[in-house]
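Quick mapping for you: the protein sequence lines, in order, are chains A and B. Residue numbers for the first sequence, in this note's numbering: 1 to 316. Residue numbers for the second sequence, in this note's numbering: 1 to 447.
Since the hints were made in silico from the structure, they are not lab data. Hints may contain errors.
[Unchecked claim] Under the rule of at most 35 Å between Cα atoms (straight-line distance), these lysine-lysine pairs were calculated in the DSBU-like manner:
hint, chain 1, residue 1, chain 2, residue 2
1, B, LYS233, A, LYS308
2, A, LYS221, B, LYS277
3, B, LYS46, A, LYS254
4, A, LYS163, B, LYS165
5, B, LYS320, B, LYS414
6, B, LYS49, A, LYS64
7, A, LYS75, A, LYS163
8, A, LYS212, B, LYS46
9, B, LYS321, A, LYS258
10, B, LYS388, B, LYS411
11, B, LYS233, A, LYS254
12, A, LYS287, B, LYS49
13, B, LYS76, B, LYS49
14, B, LYS321, B, LYS277
15, A, LYS212, B, LYS388
16, B, LYS233, B, LYS320
17, A, LYS75, B, LYS46
18, B, LYS267, A, LYS212
19, B, LYS277, A, LYS212
20, B, LYS76, A, LYS212
21, A, LYS254, A, LYS228
22, B, LYS317, A, LYS212
23, A, LYS144, A, LYS113
24, B, LYS411, A, LYS287
25, B, LYS32, B, LYS233
26, B, LYS49, B, LYS124
27, A, LYS114, A, LYS254
28, A, LYS113, A, LYS194
29, A, LYS163, B, LYS267
30, B, LYS411, B, LYS320
[Claimed, not checked] Among the chain B residues that face chain A by a calculated CB cut under 7 Å, a handful are:
hint, residue
31, VAL138
32, ASP145
33, ASP227
Quick caveat, the model's predicted, so the values are computed rather than measured. By construction, the Cβ of each residue, glycine as well, lies at the ideal position given by its N, Cα and C atoms.
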Amino acid sequence: MGLFGLFSKEKKEKLDSGLSKTKDSLFSKLAKTVVGKSKVDDEVLDNLEEVLITSDVGVDTTLKIITRIEERVLKDKYLGTDQLNRILREEIAALLEENNSVDNAGYSLPSDKKPYVVMVVGVNGVGKTTTIGKLAYQFKAAGKSVMLGASDTFRAAAVDQLKIWAGRVDVPIVEQGMNADPASVAFDTLESAKSKGADIVLIDTAGRLHNKAHLMDELSKIKRVMDKVVPGAPHEVLLVLDGSTGQNAFEQAKEFTKATEITSLALTKLDGSAKGGVVIGISDQLKIPVRFIGVGESMEDLQVFDRKEFVDSLFN
Amino acid sequence: MFGNLQDKLDRAFKVLKGHGQISEINVAETTKEIRRALLDADVSFKVAKQFTARVKEKAIGQNVLTTLKPGQVLTKIVHDELVGLMGGSEAEINIQGNPAVILIAGLQGSGKTTFTGKLATYLKTKKGRKPLLVGGDVYRPAAMDQLEVLGGQVETEVYLERENKNPVEIARNSIKYAKQNGFNVVIVDTAGRLAVDEAMMTEIGDVKEAINPSEILFVVDSMTGQDAVNTAKAFNDKLNFDGVVLTKLDGDTRGGAALSIREVVEKPIKFVGTGEKMDALDVFYPSRMADRILGMGDVVSLVERAELQFDEEQAKKLQKKIAKNQFDFNDFNDQIQQIKKMGNLKDLVGMIPGIGKMMKDVDIDDNAFKGIEAIIDSMTPYERANPKQISGSRRKRIAGGSGNTVIEVNKLIKQFEETSKVMKMMSNKNNMAKMMKNFPGLGGGKM
Ligand SMILES: Nc1nc2c(ncn2[C@@H]2O[C@H](COP(=O)(O)OP(=O)(O)OP(=O)(O)O)[C@@H](O)[C@H]2O)c(=O)[nH]1
Ligand SMILES: Nc1nc2c(ncn2[C@@H]2O[C@H](COP(=O)(O)OP(=O)(O)OP(=O)(O)O)[C@@H](O)[C@H]2O)c(=O)[nH]1
Ligand SMILES: [Mg+2]
Ligand SMILES: [Mg+2]
């Protein structure tokens, strides 16, 4: 459903919905501000609700978006569907945290942090290792010297997998094989990066479900150890979220933030049919920017996150 | 956390008061809540809508025979409806044929390879089979190594053709190999693929054609959101799979995808994955899943049990004592026995909506009251009847006698005093829920 189509779709069955109150008030306000023969009514909001919910935006955030549009419409003296389209996009995009700390597009790094250390975390199978491979490729292409640390010593053949990525991209990797202490691998990697003058270090970690306290503690420990080698490290903790994940991503973001203070998000598998709308609420509530999106399995398939493009994609 | 537990208990017990019949009006609020619970649990938008409409139809006009609120009755209807939907006929894995051929399919990272290893264990130990694992993922870096490691862990041979980039050929060859070498089940792992990737979907269709599986299992991550329906439908259209494997249920996801998939493709969920280790495989329990999706414990049976054990006579007597400020440790002890009669504490807590999940990993001591009881037991009859007279030296003696420290005895007495105060305050309302609220055994944690 195109964005424009959203507002011109023929009337569909009214939803038995928890949103109806909000909808009514918005509708009445819209009705007042719209001059004459507008097509805008409940169905607009029904459609909007469907688009947002089916994109995994979640009920709370959907309500929030509707409220924001409502306020905006009041303030801006809404006139027609074109403007409503624009307002809608703007309001949703505004919920996504602006990422102004790092120059993403150029893959440049802050000069006072060398090596710049990124720790990559997330639940099982979301795409951490693959994202590291892709990031290594991008930073290398940007002229940086990259080093990988194989701190997933648990999952079957995890080290082999990262080694293959290191080989593909042709960057060095520090590993101690399977079942080694992940914190010790991270320690080694940073020492090595320091002595070799690497620009950026990417630390892979084992996938873990956020409700497993001992595994989350382990993650905190890996993080703490790095600071001993490179003060301030890790400079970035990247939480990888699977684009097809539903509302549980909220819990993931909260718990990983508790354990490691997440600084940025990567959203993977957006080459599929899932929309990844849950990041809107996460970014809004936890004030964490989305930095990258994964759009495939090859090393080039990483893109810098663009708020506007992302919002548009919800309506396509 | 325990504050929350008190609240929930309180609310759960309040429903003891009855409320007539389910009507259009009182059903509206609850269906909204149910729809929202479903959406929060990632049940697909359309499925949630159809489902609530159906429940509403069933509910209207139903008499509330028990002393439950219509909301409660409705929740039970929803629950039963959900169980019915997800249960259906007994869903055993089909391992007919020699060798029986099982094909595993699903999105990237859903847990296919891990499940392959788990299934081998299951078939060996539970079904006495001799399985062969087949590495049909020629794309993912180290996919074959991963399978090889898992095969080693479960002591099952893994068939690999490391140089061959054609999964159809590998699968076909593996069947030949199995026949020649006496394997009676072949489990073919495949690469993760997106439903929208036509080339890859064609490929898995070709693998199916080549090996004619007796069982095709679709592996899906239980954390999947709204897209679950699209993906399941696309895989089903291509493969007409036989069953679903729901992975990573050891997490705290509500797992609404299970319902959506069931609704859309009408295939049974045959296994659930509950961990990364090779034995973390379970069969599917529809009722548990329904509870999980709704985020509720078994409200209804909690209420029923409470009703059963709640003795009107005794309550009235107690009421009088409270009003006269005569509530003592004997009554306190009676209350503990009352609660104990309702069943084991862990079960009870598990039945409280929202709490079951929260407390899943917390060790609830079945003997949570033991410490309290020991202290009360060590009191003399005089002390039990006259709580105010328990002096410092008496406390020391009680502590020694019950194997506790004085601090613990002090704590209990303090809690007792607070409880009596609150009960006095509420004594005009004959309400067990209120009394429960300040029950130290639950409120103060383990003694
Ligand atoms: N289509 C697609 N697949 C992806 C993307 N990112 C990762 N994958 C695939 O997802 C699967 C899991 O990726 P991994 O990188 O191994 O995930 P992980 O988070 O490291 O997994 P664990 O270490 O086991 O927790 C692999 O098959 C990847 O190829 C993406 O953006 N698009
Ligand atoms: N906690 C938990 N982790 C699981 C479960 N099943 C699989 N995993 C983990 O999920 C991640 C992905 O599992 P894989 O078996 O590699 O997934 P896959 O579907 O084969 O992935 P691709 O081949 O890349 O598509 C790994 O880290 C597994 O250990 C489960 O039931 N619980
Ligand atoms: Mg990994
Ligand atoms: Mg695999």
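Which hint numbers doesn't this structure obey? Of the numbered hints, 7, 9, 14, 15, 16, 22, 24, 26, 29 and 31 do not hold.
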